[in-house]
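Visitor: Residue-level listing of the chains:
There are 4 protein chains.
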Amino acid sequence: MIARRGPARRPRVPVAVLGATGAVGQTFVRLLADHPWFELRELAASERSAGRPYGEATRWLEGTLPADTATSTVVACDPGHVRSPIVFSALDSSVAGEIEGAFARAGHMVLSNARNFRMDADVPLVIPEVNGDHLALLATQRAMRGWSGGIVTNANCAATVAALALAPLHERFRIKQLFLVTMQAVSGAGYPGVPSLDILGNVIPWIKDEEPKLETELCKLLGALESDTVRMAPIAISAQTNRVPVEHGHMVCMSVKLEERVSVEQARAAYAGWTGRQDLSRLPTAPRPPVILRNDDDRPQPRRDVDTGRGMAVVVGRLREDPILDLRLVALGHNTVRGAAGGSILNAELLHERGELPLP
Amino acid sequence: MIARRGPARRPRVPVAVLGATGAVGQTFVRLLADHPWFELRELAASERSAGRPYGEATRWLEGTLPADTATSTVVACDPGHVRSPIVFSALDSSVAGEIEGAFARAGHMVLSNARNFRMDADVPLVIPEVNGDHLALLATQRAMRGWSGGIVTNANCAATVAALALAPLHERFRIKQLFLVTMQAVSGAGYPGVPSLDILGNVIPWIKDEEPKLETELCKLLGALESDTVRMAPIAISAQTNRVPVEHGHMVCMSVKLEERVSVEQARAAYAGWTGRQDLSRLPTAPRPPVILRNDDDRPQPRRDVDTGRGMAVVVGRLREDPILDLRLVALGHNTVRGAAGGSILNAELLHERGELPLP
Amino acid sequence: MIARRGPARRPRVPVAVLGATGAVGQTFVRLLADHPWFELRELAASERSAGRPYGEATRWLEGTLPADTATSTVVACDPGHVRSPIVFSALDSSVAGEIEGAFARAGHMVLSNARNFRMDADVPLVIPEVNGDHLALLATQRAMRGWSGGIVTNANCAATVAALALAPLHERFRIKQLFLVTMQAVSGAGYPGVPSLDILGNVIPWIKDEEPKLETELCKLLGALESDTVRMAPIAISAQTNRVPVEHGHMVCMSVKLEERVSVEQARAAYAGWTGRQDLSRLPTAPRPPVILRNDDDRPQPRRDVDTGRGMAVVVGRLREDPILDLRLVALGHNTVRGAAGGSILNAELLHERGELPLP
Amino acid sequence: MIARRGPARRPRVPVAVLGATGAVGQTFVRLLADHPWFELRELAASERSAGRPYGEATRWLEGTLPADTATSTVVACDPGHVRSPIVFSALDSSVAGEIEGAFARAGHMVLSNARNFRMDADVPLVIPEVNGDHLALLATQRAMRGWSGGIVTNANCAATVAALALAPLHERFRIKQLFLVTMQAVSGAGYPGVPSLDILGNVIPWIKDEEPKLETELCKLLGALESDTVRMAPIAISAQTNRVPVEHGHMVCMSVKLEERVSVEQARAAYAGWTGRQDLSRLPTAPRPPVILRNDDDRPQPRRDVDTGRGMAVVVGRLREDPILDLRLVALGHNTVRGAAGGSILNAELLHERGELPLP
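These protein sequence lines map, in sequence, to chains A, B, C and D. My numbering numbers the first residue of the first sequence as 119 and each following residue consecutively. My numbering numbers the first residue of the second sequence as 119 and each following residue consecutively. My numbering numbers the first residue of the third sequence as 119 and each following residue consecutively. My numbering numbers the first residue of the fourth sequence as 119 and each following residue consecutively.
Treat the hints with caution; some may be incorrect.
It does not matter which identical chain is used: a pair holds within one copy or between any two.
Quick list of in silico lysine to any residue cross-link-like pairs, SDA-like style, CA-CA up to 25 angstroms [stated by the list, open to error]: (1) Lys-331 - Leu-256; (2) Lys-294 - Arg-379; (3) Lys-326 - Pro-310; (4) Lys-294 - Glu-378; (5) Lys-331 - Tyr-309; (6) Lys-326 - Asp-416; (7) Lys-326 - Ser-381.
To be clear, the hints were calculated from the coordinates, so they are not data collected in a lab. Everything numeric in this text was worked out from a predicted model, so none of it was measured.
Go ahead and model the full structure; you've got the sequences and the hints to work with.
Guide: Structure below.
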């Protein structure tokens, strides 16, 4: 599944997945199955699943579960039972706060998808291409919390799509105002998630707690690192979120006001060749390019474009003038890959390349 | 299908449908089947269909086609072949300009769904609850064009939903800026319309020619009649339109800036008891109320709310503060009923009640 | 919702719904809202819901919940708390056995949708048009069990559709072999039921425990009442069941072998004018006719035909020769109306007309 | 897209696609993009498209169209304009008869998806694993028709799925009777194909001309080559076909009677290790194994299993006793890959390996 790039084979780093039986947990298992740098050694889940073979404890949702993973015994989400120095967390926010903290305290590097720590001042909320430099917060975090490990979070799935789509514009022109309306896939709600009776042939104009996440996380993602803190980007944001009957892929319609008027051509130029401020060319799962600007009228579309860059790229389209602000555009990204498990893995790759991962 | 209200039975006015074999034409046939004021006498369509029984010339899309309608012979869309004084037009815009003009010239009152005449200065673009007074343009139209009949248009389906949802706010608080993002049902594209391979489990972020219609028609709908002309409402509008895998019902997410700051409570109050400036209580198909404000988090939804008021009411939900402008809200309406055939019929009812219909 | 036919207004019989908060329970509430013979007095559900207003205890799935029903207090599913002589049961089979038995023992007439008692020799499994005479088993039931009340069941939703579709053929020609392949709507699995991630754009070739129900219940439904017992119809049945992404309406493709070869014309004649062996013309919700045979190639279809006869009729189509057996046909019925709540209500109407309901 | 196996790189054989702009034509283009043995040189289509760049003449439906293919000029479907010795035909049956014949006469080897020649006695109808030996009919064909080229057809998409699923049983136990009910994806109808208004949330119990194809083609596919002719397999077949709202993947529910009673275990054994009677291990796109028997209750499913073996394998499940005949089972295959373009390509690979392809 995962392309192999990067340094010549060396011993792989053992990693664990917390919350391995859920939907995002499964995506971690799938994406890590064949990773050149990381070796999936431990699958951790709730007490109910611990001690059982993974293949029985989970209802595997897609493709074929590798045989050795299926027979692997699930362990409890407890630092006493998990030895891997790196843990990917797909835990629900109702338990993530306590468990992820315990792992960080015990020396593990936690790469978390939960919202619990995202907005803490000393916790990096990172998309490598957008704000990989924010990882520097880890030093403060360890100093302040006395942890030997650490926590790095990735953003809400829709916020991730929007941030990648906007970063080329923001870097060059500074975004001041942003209206977003999302159309989000059902896989964003996990499994069993959205009942089919609620969504077949329907749209639900509401996703619990989603709009505030978009309105705050984007300001941190697009914020600037200043010494040991992140200054929030001063963007006024209005978000409206909808669930649509799509399997994978969040769409975001945006209207954007920039610091000064720019033409559509200038905006297009900002996307050309953009790869972010970090050099990620050696990271195995970094998509090239990370953001693809399409010129056809009717793209992006979730079913046709969601797997672009193996689900790690964001596709932008319909870039045009906005009659009130400056620009309008539509963005699409894979919510469970780039917006969740794949995003965490890319964060771990960046840490690894910089030598910031704990040794086994 | 249609509730009976209004004056005691009197002879019904004969009416015809132009473009009767298409999707909107069929909706006309269904809605007129049992109308207390109008009697569907003539079904007109292209040369290809003329002379054939209606039941053979059309691929009937829903419910049961009444037997006498099925055997009725289709006539050509030519004023020489149609005698009904009132003609409802479901013609495609590629032919509507010429044919509708010919009918108006020949003394028929044309109620049109096509875009051709909508923005002409002397042509009423009418939603009875919103701007029924604009029908006064008919006098100018006749004077200027020398027609004995006339043309009254109804708006684009998504514009109709938005206009009804916004009218209570605009009347009281004056809208200055408006961002709309639509999620539109496949029936809006007619039949065969959107191929299933394009839309199953997908979203298409583009509908040909739709955004400019929204951005202009809304200003006319919400504009003010001044002597013999309509002054466009001075609203800056940004529209983005999407197709979603929903059968019927257009959803519109909106952010609104008003002339001055108003609270959500004041906005709610504007909806309470609102029935529009016209008294429509005697019109058989006028919904009561025309706009329903819901307070539950997750409504409106197309599948659950589209038939509210027999498809003639618009449902508004999620009315709340906007972080940048003043208010955010979501609206839903039935695109082929209120947004097309049903809207035309309501316009005809209003004309009839005012005695402005030609006599047979 | 329910048509009014039958005797002139008389005091309505008080009725209760057990399991009122679930999907089928809600359908009962909706169908009983305006019933001419029955008055919905009590809503019973699990201990978790008892004591709460119904509008809070349930997640209402469709249309508008009547205000007085929303504020009605839910009671426990216990004969000590329910006074209505008639109880409609939408209980899950995991609890239905015990609770329904307790109600029958306490003198209530229970109209059950659960599978628990369906195949008991002394329990009527009834579709009025097909085997209304089986209600005579009630006398045996009371004698054997010493109950002052009784239990009448209706069949599995797909079995109901098939039985109605086949009854005209079976009555005249005797069915000997039957192959069924179903395509069943998601509402058949209740709420939350089928996760959208499992069924969007997908088919699931398996419904737990469904095939044995079809293979046994059909033999009882089409069986003959002989003195105080039902002789199973000697039909060899092979059933395969599938879940499809449809909201309401179960489709059943069938191949049928009859006692002797009959032509398609003879088969068509068996459907003409068929209304079943009982005279149901005075029952308020009995559809006329109960089975509709269509001749167009591509019908029935769930979305277009499911509401035929207000969801109480079954639509049959594609009746044609079978290359191996005698006939092939496709049938469609509304699984939560005719196949569940509406079926129970029709059974109660038949009992009521015959004076077999307990008095309040 | 296509795995590389087979002999070491040698000059690739030039191939053309007829009907390259349609849905199946596009699948050919995608599957041939990177083929180790064949080089896609010419794209042919109707007069309307000839002379235009392929990227403009087609509405590309999935993924990214390679740049050099997009700029390639479409030629007319005329042997005078096409030089490649091998032509893959995705032509519609309305024109395939004449055009394919002309190409064969002119010395091209035609691999056809159209139904026109399939049942001709001297035309091979081939699935390599099932009846690759039927290619021997080519000699007769050339002799009888005086063609220097030839025509090899592949079967109807649903017939292909059924034939592969049944071949292991038929080879060992001889099938005598077969009931099939299909649930077919919308891509089987091409593009634009099925209108979304017809199929969203719906099932259509009819596909034009499909049932006779299943009932005849299966007998030829499973028939035995005897000297220079194919003796039809003596199987009585009853087929019912349905369209369901699924993008890709035809499901087939089957009940099977064998020459003598066999147990489910014996049937399972017939699948174990089955790879067909031909050795296809050197063919680049031959899936290994071609038929996968799953034991989980709820598989196969189109969305989860359709890409098994890169869309070239058929997945069988729910193998169990039939209460009337011997066995029941469900099969799934990719209708536009194995059931169309991919099937033709595999046929061409088999011909190539045997040295039966004309030289350039």
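Visitor: Indicate, hint by hint, whether the structure satisfies it.
Guide: Evaluation of the provided hints:
no.: 1; hint: Lys-331 - Leu-256; verdict: within (22 angstroms within a copy, 51 angstroms between copies)
no.: 2; hint: Lys-294 - Arg-379; verdict: both (11 angstroms within a copy, 21 angstroms between copies)
no.: 3; hint: Lys-326 - Pro-310; verdict: both (16 angstroms within a copy, 17 angstroms between copies)
no.: 4; hint: Lys-294 - Glu-378; verdict: both (9 angstroms within a copy, 22 angstroms between copies)
no.: 5; hint: Lys-331 - Tyr-309; verdict: within (21 angstroms within a copy, 29 angstroms between copies)
no.: 6; hint: Lys-326 - Asp-416; verdict: between (29 angstroms within a copy, 9 angstroms between copies)
no.: 7; hint: Lys-326 - Ser-381; verdict: between (36 angstroms within a copy, 23 angstroms between copies)
The earlier numbered hints are all upheld by this structure, with none contradicted.
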